[in-house]
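Peer 1: Protein chains in written order, with my numbering: chain A, 1 to 262; chain B, 1001 to 1344; chain C, 2001 to 2286.
These aren't lab readings, by the way, just hints derived from the structure by calculation.
Misleading hints may appear alongside valid ones.
[Claimed, not checked] Computed Cβ-Cβ distance ranges for the label pairs, DEER-style:
{"hint": "1", "chain 1": "C", "residue 1": "L2119", "chain 2": "A", "residue 2": "K231", "range": "36 to 42 Å"}
{"hint": "2", "chain 1": "A", "residue 1": "G168", "chain 2": "C", "residue 2": "E2256", "range": "25 to 31 Å"}
{"hint": "3", "chain 1": "A", "residue 1": "D142", "chain 2": "C", "residue 2": "T2147", "range": "23 to 29 Å"}
{"hint": "4", "chain 1": "C", "residue 1": "L2278", "chain 2": "A", "residue 2": "Q240", "range": "39 to 45 Å"}
{"hint": "5", "chain 1": "B", "residue 1": "A1344", "chain 2": "C", "residue 2": "F2105", "range": "50 to 56 Å"}
{"hint": "6", "chain 1": "C", "residue 1": "L2278", "chain 2": "B", "residue 2": "G1071", "range": "51 to 57 Å"}
{"hint": "7", "chain 1": "B", "residue 1": "R1127", "chain 2": "C", "residue 2": "L2119", "range": "43 to 49 Å"}
{"hint": "8", "chain 1": "B", "residue 1": "G1071", "chain 2": "C", "residue 2": "G2042", "range": "51 to 57 Å"}
{"hint": "9", "chain 1": "C", "residue 1": "E2256", "chain 2": "A", "residue 2": "G207", "range": "33 to 39 Å"}
{"hint": "10", "chain 1": "C", "residue 1": "Q2142", "chain 2": "A", "residue 2": "Q240", "range": "28 to 34 Å"}
{"hint": "11", "chain 1": "C", "residue 1": "T2083", "chain 2": "B", "residue 2": "G1071", "range": "38 to 44 Å"}
{"hint": "12", "chain 1": "A", "residue 1": "D252", "chain 2": "C", "residue 2": "L2139", "range": "41 to 47 Å"}
{"hint": "13", "chain 1": "C", "residue 1": "L2031", "chain 2": "A", "residue 2": "Q240", "range": "58 to 64 Å"}
{"hint": "14", "chain 1": "A", "residue 1": "A64", "chain 2": "C", "residue 2": "L2099", "range": "25 to 31 Å"}
Built from N, CA and C at the ideal position, the CB exists for glycine as well.
Residue strings, one per chain:
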Amino acid sequence: MFRRLSRWAVALPAVLVLGLSGCGSGGPDASTAPAAGAGAGEVTVFAAASLTGTFTELGRTFEAAHPGTTVKFNFGSSATLAQQIAQGAPVDVFAAASPATMKTVTDASLAGAPATFARNTLQIAVPKDNPAKVDDLADLTDAKVKVALCAEQVPCGAAAVKALDAAGLKVTPVTLEQDVKATLTKVELGEVDAALVYRTDVIASAGKVTGIGFPEADKAINDYPIATLAKAPAGDLAEQFVDLVLSQQGRDVLTKAGFEAP
Amino acid sequence: MSLRARLVVTRPAFELDLTLEVAPGEVVALLGPNGAGKTTALRALAGLTAMTAAGRISLDGRALHTLPAEGRPIGVVFQDYLLFPHLTALDNVAFGPRCQGFSKTESRRVAAELLERVGLADRAAARPRELSGGQAQRVALARALAVRPRLLLLDEPLAALDAHTRLEIRSRLRRHLADFDGATVLVTHDPLDAMVLADRLIVIENGTVVQQGTPAEVARHPRTDYVARLVGLNLYRGVADGTRVRVGELPLSTSERLDGAVFVAFPPAAVALYRSRPDGSPRNLWQAVIGGVERHGDNVRVHLDGPVTAFADITPAALADLDLTPGLRVWASVKATETHAYPA
Amino acid sequence: MATTEHIRPVKPRRGFTGRPSPSPGRLSGRLPWMLLLPALLGLAFLVLPLAGLLIRAPWPTLPQRLAEPHVLEALRLSLVCATVATAACLLLGVPLAWLLARVEFPGRRLVRALVTVPLVLPPVVGGVALLLVLGRRGLIGQWLEATFGVTLPFTTAGVIVAEAFVAMPFLVISVEGALRGADRRFEEAAATLGASRWTVFRRVTLPMIAPGVVAGAVLCWARALGEFGATITFAGNFPGTTRTMPLAVYLALETEPEAAIVLSVVLLAVSVVILASLRDRWVSAS
């Protein structure tokens, strides 16, 4: 039995790991949201998918500083998270990838005043061998260059439109991906020649793609707001977690990952 | 001979090995108890069951065993007919000609003709599930004949019919088989079907031929208990010395003069039963014990144990007179003229 | 009560009169609640989310939203792709089912298990796997591009490939079951009538397993119509070429949940109408 399984055991994880790397996509559904009535020693944080690495690290720091406390994360598309919050998910802290998304939560008086804790800028991501020889934004207008952008409905897509407008360029992408990770995967696999993604994602890809900066990126800077929820079950602990994110220690972690200070 | 075959099929716990010769126009019935290998033999002829290397089939001088089922010039009527449920009666019959490369129109013309011949022209558009058992049987026959086979195979062609339909279909089938000029092999476990339909019977038990001959020969000279039961005779194996035959301990007188190993047969109706030893002492007399009593047609069949086991058919009136109950000792006798001895 | 009711149906020939039952209430009294209760719960479980969509649908603005060209475009693309994918599944899946049901070969159990992999695989993973094989740099995709200049990702053909990949197991499993249930003696009968293997399959086997094939095709089509993960991963998302309804629904959810509900309702309505009419036609034909 084991021997028969082992063949699978080798093949499947390989596929799965590859899959998951491009799988910010589906986004967690309601069933993965933390259960209601979390204990006082628990902080539930909903955060944009692009914060996965940094916030996980900050969560560990927080747990170390507050023995007995656990930080639970739900990473996903900011818009999906905002909807889950609107549907009553028991959340302490919400960190969004765009002020617009945060606004839907604050407008509904579900959260207190948000603070901007990080900024992200776009880069052109190309496969390591850069087959289409892309080196600036104008190259993306070439019909022979396959470009992936995020869909306009998600923050990275909105930012891309802003940047391209600022440059006065018209790019026809082959696909409008549902989130930035999926966009990046298309570049990693070489299915597209270039994509506009966040600088942090290029850094997180650990060399699998090459990032190319461009001046118009300054016109499409993405602010990351964070806020504690009005009905935060964890109360003070929620505030303390936000404090950690805004602290110098938090900033260091974020900067290392490619975020800029606000 | 149009068909010459040695059918050899080996399976775990079963071996079939029999030779078969059928002349053109002849109908041969394979008769045997369940599990004797009749259907296996038929399937081997049809190419649906693989034979071992020793198996040979030749039809009109042409080797058949090297051909797959679809390449053999055969027509098969299956036990439950296996009419294609999604096709009309007409298209069922036209299926074979279509496969032989005839056009749709031509195939349907042939099919319509055959349905006419089996008296079902008016049921051409019916689906199999709308046909009665007898009608389905006739469509199945028409379908098998539509490919103009040189060998017609019928597997228990009447078994699925009720008694009344069976009578009618049996005589119809007999006429159709008489019209068919190729070789016919039919499989049945019913002696009546075999006697009525076949020119020759081949009795199979445990995968081998135990007896063959015309229905009359087989009916008169059964050579196994199975055949004797089928044809309704008491059968014994004995040693003859002139007109006297020793069956075990029991001496019997017969009308034939023979020497050596013989069979002795007599019908149950020839056995007379007495409560006390009869006067005048007929030659063949023995004491028997009633083993059981059952209805048999208009008569009563009495099972006798004793030096030989035998069946005796008596009238219900005789049963009442004799007041027979199981375990009772009685005298049984058979006239020498009613017995029939023949070499084993 | 139950015991006395049980005896009644034994009365001879009662069912053969052809008259409607004199007291229909008695019939429902015999339905075992142990089956009925879970059955109704199951039905509610399946239907309630649909009811939720219908209740929350923004009915006043519905006509105007429906008239938007991108909705019709996505709907058309969904229907076309699901149908072509189903056709492709039939073409490949029926022979595959036949192979699994009728041909003994070493490793058949393993192959049968492999066929169900797309059922188990999260669709997004399936999409990535497809990229690795058929993508521009994939094992076969590379060769396809070099030889024919064909790339599948980001094309409508890619959508069809992704949908067929995810949906085919439904067809194969259904058809294989039908093949195993079919009486093979009919095929033997056809062979004795001179039918070649191919003719037997075409004229006897296939018509006899038709209900299973239709059921499988319907499942397959429904699965293809709702396909999201593999499609967006393998074929991407671009209006007119690869943005099917489920993709449109997902993107609409990001910004405008009401629009997402409208799209979902449209997709559901269209698929229910098509499946119901197909089923009616099929049932009355048989």
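Peer 1: Evaluate each hint against the coordinates.
Peer 2: Here's how the hints hold up against the structure:
For L2119(C) and K231(A), the hinted distance range of 36 to 42 Å is satisfied, since their beta carbons lie about 40 Å from each other. A C-beta distance of roughly 28 Å is found between G168(A) and E2256(C), which places it inside the suggested range of 25 to 31 Å. Checked against the hint of 23 to 29 Å, the pair D142(A) and T2147(C) passes, with Cβ atoms roughly 24 Å apart. Checked against the hint of 39 to 45 Å, the C-beta distance between L2278(C) and Q240(A) comes to roughly 60 Å, which is inconsistent with it.
A beta carbon spacing of about 53 Å between A1344(B) and F2105(C) agrees with the range 50 to 56 Å that was offered as a hint. A beta carbon spacing of about 41 Å between L2278(C) and G1071(B) contradicts the range 51 to 57 Å that was offered as a hint. The hinted window of 43 to 49 Å between R1127(B) and L2119(C) is violated, with their beta carbons roughly 37 Å apart. The hinted range of 51 to 57 Å is satisfied by G1071(B) and G2042(C), whose Cβ atoms lie roughly 53 Å apart.
Between E2256(C) and G207(A) the CB atoms are about 38 Å apart, so this pair conforms to the stated range of 33 to 39 Å. For Q2142(C) and Q240(A), the Cβ-Cβ distance of about 53 Å falls outside the hinted range of 28 to 34 Å, so the restraint is violated. Separation of T2083(C) from G1071(B) is about 41 Å and conforms to the stated range, judged on CB atoms against 38 to 44 Å. The hinted range of 41 to 47 Å is satisfied by D252(A) and L2139(C), whose Cβ atoms lie roughly 43 Å apart.
Distance hint check for L2031(C) and Q240(A): the Cβ-Cβ separation is about 60 Å, which falls inside the suggested range of 58 to 64 Å. Distance hint check: the CB atoms of A64(A) and L2099(C) are about 58 Å apart, inconsistent with the given range 25 to 31 Å.
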